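Novice: Sequence:
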Amino acid sequence: MRDRLVKSLCELVQIDSESGEEEEFLHFLGEKLARELGATTQFDSYGNLVAKIPAKNCTATEPLMFAMHGDTVKPGKGIKPVVKGDLISSSGDTILGADCKAGIAEFIEAALEASQHPSLEVVVTRQEEVGMFGAKNLDYSLITAKKGFLIDMDAIDAVVIGTPTRMMIDVSITGKPAHSGMEPEKGISAIKAAAHAITLLNDGRIDFETTSNVGIINGGVIVNSVPDKVSVKAEVRSLNHDKCMRISETWKEIFEVSAKAIGAKADVTFNLDCRASSIAADSPMVQVTCDALRSVGVAPRVTVITGGLESAIYNVKGIETIPLGNGVKAEHTVSENVSAEDMEKVVAIIHYLFSHFC
1 MRDRLVKSLC ELVQIDSESG EEEEFLHFLG EKLARELGAT TQFDSYGNLV
51 AKIPAKNCTA TEPLMFAMHG DTVKPGKGIK PVVKGDLISS SGDTILGADC
101 KAGIAEFIEA ALEASQHPSL EVVVTRQEEV GMFGAKNLDY SLITAKKGFL
151 IDMDAIDAVV IGTPTRMMID VSITGKPAHS GMEPEKGISA IKAAAHAITL
201 LNDGRIDFET TSNVGIINGG VIVNSVPDKV SVKAEVRSLN HDKCMRISET
251 WKEIFEVSAK AIGAKADVTF NLDCRASSIA ADSPMVQVTC DALRSVGVAP
301 RVTVITGGLE SAIYNVKGIE TIPLGNGVKA EHTVSENVSA EDMEKVVAII
351 HYLFSHFC
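If you read the sequence shown in the numbering used here, its first letter stands for residue 1, the second for the next number, and so on.
FYI, nobody ran anything at the bench for these hints, they're computed from the structure.
Some clues are possibly wrong.
As the list claims (entries may be wrong) - The calculated DSSO-like cross-link candidates involving lysine-lysine, where the alpha carbons are at most 27 Å apart (straight line), are:
hint, residue 1, residue 2
1, Lys-176, Lys-136
2, Lys-32, Lys-52
3, Lys-265, Lys-233
4, Lys-52, Lys-7
5, Lys-186, Lys-265
6, Lys-136, Lys-317
7, Lys-52, Lys-176
8, Lys-229, Lys-265
9, Lys-84, Lys-192
10, Lys-176, Lys-260
11, Lys-77, Lys-252
12, Lys-229, Lys-192
13, Lys-147, Lys-192
14, Lys-74, Lys-176
15, Lys-252, Lys-136
16, Lys-329, Lys-7
17, Lys-77, Lys-186
18, Lys-52, Lys-84
19, Lys-52, Lys-146
20, Lys-229, Lys-146
21, Lys-136, Lys-7
22, Lys-329, Lys-84
23, Lys-52, Lys-74
24, Lys-229, Lys-243
25, Lys-233, Lys-243
26, Lys-260, Lys-186
27, Lys-229, Lys-176
28, Lys-317, Lys-147
Unchecked claim - Derived Cβ-Cβ restraints for the label pairs, each shown as a range:
hint, residue 1, residue 2, range
29, Ile-216, Met-182, 53 to 59 Å
30, Asp-207, Phe-270, 17 to 23 Å
31, Leu-200, Ser-295, 49 to 55 Å
Predicted model, so just to flag it, every value in this text is computed and none were measured.
All residues carry an ideal CB built from backbone N, CA and C; glycine is no exception.
Start from the sequences, fold in the hints, and give me the full structure.
Specialist: So, in structure tokens, the structure goes:
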């Protein structure tokens with residue numbers, strides 16, 4: 001099993017699929033699922049792959065969803081996987097792409113090796129890494145499963161039962177241009193307005209369930225002109241939806257008041273990226289996931305995170321979904337790696353879930 005599992009991962013990561021450029025990879029994967037697992041496949045209008053695999057030695061009538069994403073972050077072109085002993089990594093100048101292709105390889109191996117499994121609905125989305133747009137735009141009429149698993153966590157021991165509301169904040173500040181050497185007093189610096197506002201923000205780790213960040217600032221054109229335009233992109237996350245909304249409104253007010261104080265104007269817009277989602281720690285889905293981890297000698301760690309996962313979207317859509325770790329380490333870096341031993345554990349965890357739901 002190990003050789004085939006490692007070979008499968010290496011095959012998958014060598015097909016470029018940076019966010020927005022996943023089409024070739026998803027079509028390759030659809031053909032692979034059809035050929036090796038007898039799946040019927042289709043693409044929704046957004047380009048997400050949906051594959052349905054018939055049950056094997058199982059009389060359960062309810063299908064089970066397994067979800068992953070097909071895109072990777074940059075730099076993800078021309079990946080050359082390197083296998084040294086138990087470890088698979090990149091050649092060092094790109095990511096490996098095991099986020100989330102290790103999960104895809106693990107699922108395929110589990111389905112190939114399983115003695116039984118219920119009917120499976122496989123969802124592989126586009127553009128997860130740039131805003132979970134695939135899951136947000138998925139045609140849910142193609143999915144009948146009411147329970148499922150997302151193979152897109154890193155740590156195998158984590159059982160995530162809570163994810164945050166995330167508010168994206170776009171700020172556009174308008175000042176007044178002027179020659180900075182000849183008549184700076186006639187200008188109103190949009191950069192100054194933005195800087196003043198940012199120093200007043202409560203950012204970083206606000207409390208145990210809430211974080212915030214100013215991530216991008218763009219402004220100014222030339223050094224000898226008072227800058228009249230600045231854009232700021234920021235985010236607020238919280239496991240408490242109402243708290244996220246309150247902090248976002250406070251940030252909006254700070255930008256508006258700070259700009260007005262020097263004669264500039266701030267236009268602030270919100271985009272609700274995802275809404276807080278939680279599953280009870282004593283729910284049957286959480287308990288069976290914990291049992292599956294214990295079956296391979298892994299002590300489950302039931303937790304909440306302030307990072308985003310597609311499982312939150314599936315849960316809101318009525319598909320009770322638990323994230324599973326795929327064993328990837330240092331994801332989103334050129335040091336990304338995964339061990340064959342951890343991948344084998346994930347395959348065994350999936351086997352346990354197959355049997356349970358039969």
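Novice: Hints first: check each against the structure and report whether it holds.
Specialist: A quick look at each hint next to the structure:
1. Lys-176 with Lys-136: violated, 39 Å
2. Lys-32 with Lys-52: Holds, because 13 Å separates the two Cα atoms, which is no more than 27 Å.
3. Lys-265 with Lys-233: Holds, at roughly 16 Å.
4. Lys-52 with Lys-7: Holds, at about 24 Å.
5. Lys-186 with Lys-265: With a Cα-Cα distance of about 16 Å, the restraint between Lys-186 and Lys-265 holds, given a limit of 27 Å.
6. Lys-136 with Lys-317: Since the Cα atoms of Lys-136 and Lys-317 sit roughly 10 Å apart, the hinted pair holds (cutoff 27 Å).
7. Lys-52 with Lys-176: Cα-Cα ~58 Å, so violated.
8. Lys-229 with Lys-265: With a Cα-Cα distance of about 10 Å, the restraint between Lys-229 and Lys-265 holds, given a limit of 27 Å.
9. Lys-84 with Lys-192: This hinted pair is violated, its Cα atoms lying about 52 Å apart.
10. Lys-176 with Lys-260: holds, 12 Å
11. Lys-77 with Lys-252: With Cα atoms ~38 Å apart, Lys-77 and Lys-252 exceed 27 Å; violated.
12. Lys-229 with Lys-192: Measuring from Cα to Cα gives roughly 11 Å; hence the hint holds.
13. Lys-147 with Lys-192: With a Cα-Cα distance of about 51 Å, the restraint between Lys-147 and Lys-192 is violated, given a limit of 27 Å.
14. Lys-74 with Lys-176: violated, 37 Å
15. Lys-252 with Lys-136: Roughly 26 Å between the alpha carbons, so the hint for Lys-252 and Lys-136 holds.
16. Lys-329 with Lys-7: holds, 19 Å
17. Lys-77 with Lys-186: violated, 49 Å
18. Lys-52 with Lys-84: The hint is violated at about 35 Å.
19. Lys-52 with Lys-146: Cα-Cα ~14 Å, so holds.
20. Lys-229 with Lys-146: Given that 27 Å is the threshold and the Cα spacing comes to 48 Å, the pair is violated.
21. Lys-136 with Lys-7: violated, 32 Å
22. Lys-329 with Lys-84: holds, 16 Å
23. Lys-52 with Lys-74: violated, 30 Å
24. Lys-229 with Lys-243: violated, 30 Å
25. Lys-233 with Lys-243: holds, 20 Å
26. Lys-260 with Lys-186: With Cα atoms ~16 Å apart, Lys-260 and Lys-186 stay inside 27 Å; holds.
27. Lys-229 with Lys-176: holds, 8 Å
28. Lys-317 with Lys-147: holds, 11 Å
29. Ile-216 with Met-182: 53 to 59 Å: violated, 31 Å
30. Asp-207 with Phe-270: 17 to 23 Å: Check passed, 21 Å falls within 17 to 23 Å.
31. Leu-200 with Ser-295: 49 to 55 Å: holds, 51 Å
The earlier numbered hints that this structure contradicts are 1, 7, 9, 11, 13, 14, 17, 18, 20, 21, 23, 24, 29.
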